[in-house]
Amino acid sequence: GAVVSQHPSWVICKSGTSVKIECRSLDFQATTMFWYRQFPKQSLMLMATSNEGSKATYEQGVEKDKFLINHASLTLSTLTVTSAHPEDSSFYICSAHGQGASYEQYFGPGTRLTVT
Amino acid sequence: GQNIDQPTEMTATEGAIVQINCTYQTSGFNGLFWYQQHAGEAPTFLSYNVLDGLEEKGRFSSFLSRSKGYSYLLLKELQMKDSASYLCAVRDQSGSNDYKLSFGAGTTVTVRA
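Just so you know, the protein sequences line up as chains A and B, in that order. Numbering-wise (this note's numbering), the first sequence opens with residue 1 and increments by one. Numbering-wise (this note's numbering), the second sequence opens with residue 1 and increments by one.
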């Protein structure tokens, strides 16, 4: 089956620094990738949709200048949390949608971000 | 947007059956998904319904009624490892939204011995 990886799996950073999270589709080409955020005991909240070669589409309330998304190739999307604050601490999950009529999104294992 | 409602918590005994209901409202329905998520892990795909009716896959079954905006996930022969959060998600195909999913808040199922 399709595999999506994320790196790192967990990261601790200090307030004011930036953190980059990578999402890779390992055995298929992902024309579209999605970035979610999940706070403890809450559901997944879509942050943005990332399309290869074009600008990401952000959901309402998500600051595009704070959460930078780059989808430079069909197998890699990155999310950079800039000037991180403790309230950005969360579980960040990406998913990838393949080409063609496949209905399924394949989720990565998630990245646990803690900002101190 | 979508309003997706599902119960917050359910508890059942090992070997029993549990049904998790999900109701939704959407402008351009293009499929309903059920995912299982264990604490601290990413969701794993369980089922997909786009037409009315029942989809059976081993111990798990999912039902959809598009006219009622209603789905349920049926878990049979419950095992301790089934203790997890179960997420109902609706895919929208209105406009150019790239088949994005909207998730319900999730139902935490606790299986007791």
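Among the clues, some could well be false.
Chain A residues, not near chain B, derived (Cβ > 12 Å throughout) [to be verified]:
| # | residue |
| --- | --- |
| 1 | Thr17 |
| 2 | Glu22 |
| 3 | Leu44 |
| 4 | Lys64 |
| 5 | Pro86 |
| 6 | Ser95 |
From the structure, some residues in chain B lie toward chain A, with a derived Cβ separation under 8 Å [said to hold, decoys possible]:
| # | residue |
| --- | --- |
| 7 | Leu101 |
| 8 | Ala105 |
| 9 | Gly106 |
If you are wondering where the hints come from, they were derived from the structure by calculation, not from laboratory data. Glycine included, C-beta positions come from ideal geometry on N, C-alpha and C.
Hint by hint, here is what the structure shows:
1. Thr17: holds, 24 Å
2. Glu22: holds, 15 Å
3. Leu44: violated, 5 Å
4. Lys64: holds, 16 Å
5. Pro86: Holds, since 19 Å exceeds 12 Å.
6. Ser95: violated, 8 Å
7. Leu101: holds, 6 Å
8. Ala105: Ala105 of chain B check passes; min Cβ-Cβ to chain A is 5 Å, inside 8 Å.
9. Gly106: holds, 5 Å
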